[in-house]
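940 is the number that our numbering gives the last residue of the sequence shown; the numbers go up by one with no jumps.
Check each hint, because a few of them may be wrong.
Said to hold, decoys possible - SDA-like, lysine to any residue: derived pairs with alpha carbons at most 20 Å apart:
{"id": "1", "residue 1": "Lys483", "residue 2": "Thr519"}
{"id": "2", "residue 1": "Lys337", "residue 2": "Thr319"}
{"id": "3", "residue 1": "Lys47", "residue 2": "Gly148"}
What the hints assert, rightly or not - Okay, the calculated beta carbon distance ranges per label pair:
{"id": "4", "residue 1": "Leu312", "residue 2": "Arg743", "range": "50 to 60 Å"}
{"id": "5", "residue 1": "Arg656", "residue 2": "Ala699", "range": "50 to 60 Å"}
{"id": "6", "residue 1": "His78", "residue 2": "Glu386", "range": "37 to 47 Å"}
{"id": "7", "residue 1": "Leu460", "residue 2": "Lys625", "range": "28 to 38 Å"}
{"id": "8", "residue 1": "Lys516", "residue 2": "Leu460", "range": "11 to 21 Å"}
These are computed hints drawn from the structure, not numbers from a lab.
Quick reminder that beta carbons are idealized off the backbone N, C-alpha and C, glycines included.
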Amino acid sequence: MKKIIYKTFGLRDGEIFISFLMQLYIFLIITVLLIVKPTVNAMFVSKLGAENLPYGYLLVAITAVFTTYFYSKAIRKHSLVKITVLSLIVFSAVFIVLGVLFNLEIINQFILYFYYVFVSLFAVVATSQFWIFANMVFNAREAKRIFGFIGAGAIAGGIFGGYLTSIIAASFGKEYTIFLASILLLLCIPILNKVYYLRIKYLNTFKRKQVIENQDRLESSSLKLISKSKHLSYLAIITGISVVVAKLIDFQFSDFANKAISNSDDLAAFFGFWFSTFNVVALTIQLLLTNKILNKIGVSSSLLVLPLTIGLGSLLFLTFPELWVLIIIKGIDGSFKQSLNKAAVELSIMPIPLHIKNQAKSYIDVAVDSIATGFSGFLLIFFIKELNLSSSYITVIVLLFVFIWILLIYKLREAYFDSFKKNIQKNLSFIDDKKEKSKKENNLLDIKNVFENGNEEEILAMFDRLKDYKFKIFQKPVIQLLKHPSSKIKVAAIDFLDAFDDNNILDDVVAFIYDKDETLVYVALDYVLEHSNQRDTTFFNRYLDHQEEYIANGALLALAKQSKNNYNLGKYYHLKNRLELKIDKYIVNRDAVRKEIVAGLLLSIAYSGLENHYGFIAEHLKNQKPYIIKFATIAAGITSQEIFIKDLLNLLDKRRHRKRAIRALKSYGPKIINVLLSLEKEDDLNSNIRKQVPKIVGAFQNEKSVHILEKILKSVNSTSRLEATKALRKIHKKDLDLVPSKRIIRKQITKESGYYKHILESIISIQYLINKDLVDEINNENQTIYEGRKILSDALEQELKKSFSIIFNLLSLLYSEEDIQITFNAIKSNHKEAKINSLELLENLLDSSIKALVVPILEHEVLDDDHYNTATIPFIILTELELLKKLMKVSGSGVRQSAVNYIRISKNKTLIPALLPIKKYRNKIVKQLAYDTLKMLRNL
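Working from the sequences, and respecting the hints, build out all of it.
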């Protein structure tokens, strides 16, 4: 039986139960939706009339936007499991109240509007919760394979729920359907708890929050992304028009159905029956026609099928304005939209870079849908209420939108082809220029052409573009690539084919296990373990116990990776014992174990999730060999465990390991930012590590990271501010729209200019004291004081340089980066004329408010070679006590430590007031130094 399930549904050992639970969960959610939606819609239309539906559309649109915003805020701050359980209880309770109201016949306009909107709210929240959980339960590789099986539960629920409603509503009454929906909804809670204890419980906080953050992509920058891309703009408008057309059709369908069926129970049964029937048709099209049509006519032409058939149906309605025609039109919209059109839309967005696609698609799916729904409401209110037209006239509006829809698809075709050429096939030498001018859209064949005729670089680029898709139409040409001489292409081909279970390539892949390329060996072993009968003890043990160490090592790594979400598999092959034996063998004779074996062992421990062996990873993060540190860093990133954060931060201090450590910390997800900011605030990081924190924040390259960097700009620590401006510049180079507001930048320039002058005044004051020392005779007693002042002066010079760089980095965010950089380089050069010319350039470039702040600083840098004799910036010579009090507020370049040290060596009790209260020193080293200094001075 299991073999049949594996082959039919693409499930693997250990996935059946959890996949079934997730499928049952979404089945119940969609069943409940298909029970309450037709029931509430029928009651709404029967009591208030279809002419009030437009107001419902408006309320739904407004509610959807606000709900999405506040819900995303809630799941960031609180436990998703608790919020989901609470929401399921609330939804169930509210539906029970509805059933009671129906039974007591206590129905008024407010209640009907409330429940009409509430059902839409339920659809948005419940399905969103499910997919967030699904992304927590399954990794990207599993999702590509299993989501189709789980999605079948949603289709089954759509079919079952509607037919169940039609039977119960017609036989017993609509209130009983609502009571049943409430009970079914509560059944989701034990399923959710079981899923939590099977999988989600074992995810650490970083991983859970990362999934939530990835789902929450509705940022304001999404609109900018869409507006900058013709491709995405057309797609967004087409999506909006399709929603408007769907709402107009829904309005007509509801209106004519209400006129034909006066009884609300019968109307609920009618809606339920046809909603389910439309799902049956959608499923049939998806299974039998979608791939064939896409293969035959291509992506953009497939997008035309939905509007053309709706247009033909609308023309038929103008001839026969009857309900049966509207059933056909509604059926066309409901079935093609969820099958062929959905697949074509997914393909049409493929050429867009992944990070842009994910963010833009989320915005299109939610925000554009809500806006279009609201627009439909306004449109219907105008035509039906204000102009008092019959709902039959809506067909003319539908035809107008269908015409615009078709025109935009032709525009999208051009944009799609341009994006395709630019982002996927820009390096293809074998594509003829004439082909680009071809009217027939043939991009699916172009992809096949890449696989059949492309060079290594082109084929790998194509695989990279297709990595998030499961397209069966490319299966055969990819199988042929297993014969390619390139090991990299073989690895990519196996990875792509992993999502399919009818490849019949197991023998070919087994042959790769004995290849000399260790990466290919590991990938082959991983595929073999996943696609073979895992209950055959002889089959995989021969690889785990293989005499060739690299094969045994690769087999152990493959086993560890797959055992993470399949405990029984690891138990069956004694993963824990095997890892412990390997570790013991290493401990006994470290020098005899190859570094590649240690690297594999580190990754195996990370993937297996065996926390009792995490000490092995921690130990090797401090290893002397760079190769071992490299894989220990990768392993720490895979686990995303808090115990490795400080070790990874320490690696930031070493240039060789910095980039990999940043990548590992980034893999913790956005929550790592809060941890880093907390450490930075506590002053618990040395300067070399602190300056890397903004790099980690900037690595996320999204709007949230810009907001965090804005906060770091306000830090009292100059190193943090400097690195924050560098990170902002780097983000700005990649995306011109990701930058703090001009108001914030101007405000920060004002503050930094004041800080620069404050440091300069301190340098001048200490230089005055140093010069005084030089005039006086220096003896052994004050030699130490003189040297202390020099150290303090040098630290302040470093602080001044940092502040100057910060000002220029901020200017580059406000003006042309090229102009600002040229000026900066000229000022830092040794050519006096270049310095003066750069000053002239900036005076013409900067606006008056910024010029008043920055130009005196620039004049000082250009014209005043000696700080002490500066004439461009007014200053006051501070007394020694005033100076030291001021320096105690400076954080950066070791200034505060140098100041405390100076007070210590001066042995001057009159300087005690300059010391801060001990508890205000956040840095442990400086705190201890201040404590010892204060104690010493009081004992004098």
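So, going through the hints one by one against the coordinates:
1. Taking the CA atoms of Lys483 and Thr519, the gap is about 17 Å. The hint holds against a cut of 20 Å.
2. Simply put, Lys337 and Thr319 have alpha-carbon atoms about 25 Å apart, too far for the 20 Å limit, and the pair is violated.
3. Taking the CA atoms of Lys47 and Gly148, the gap is about 40 Å. The hint is violated against a cut of 20 Å.
4. In this structure the hint that Leu312 and Arg743 lie 50 to 60 Å apart at CB holds, the actual value being about 54 Å.
5. In this structure the hint that Arg656 and Ala699 lie 50 to 60 Å apart at CB is violated, the actual value being about 18 Å.
6. The beta-carbon spacing between His78 and Glu386, approximately 45 Å, falls within the hinted interval of 37 to 47 Å.
7. At about 30 Å, the beta-carbon gap between Leu460 and Lys625 stays in the expected band of 28 to 38 Å.
8. Under the hint 11 to 21 Å, the C-beta atoms of Lys516 and Leu460, about 20 Å apart, fit the expected range.
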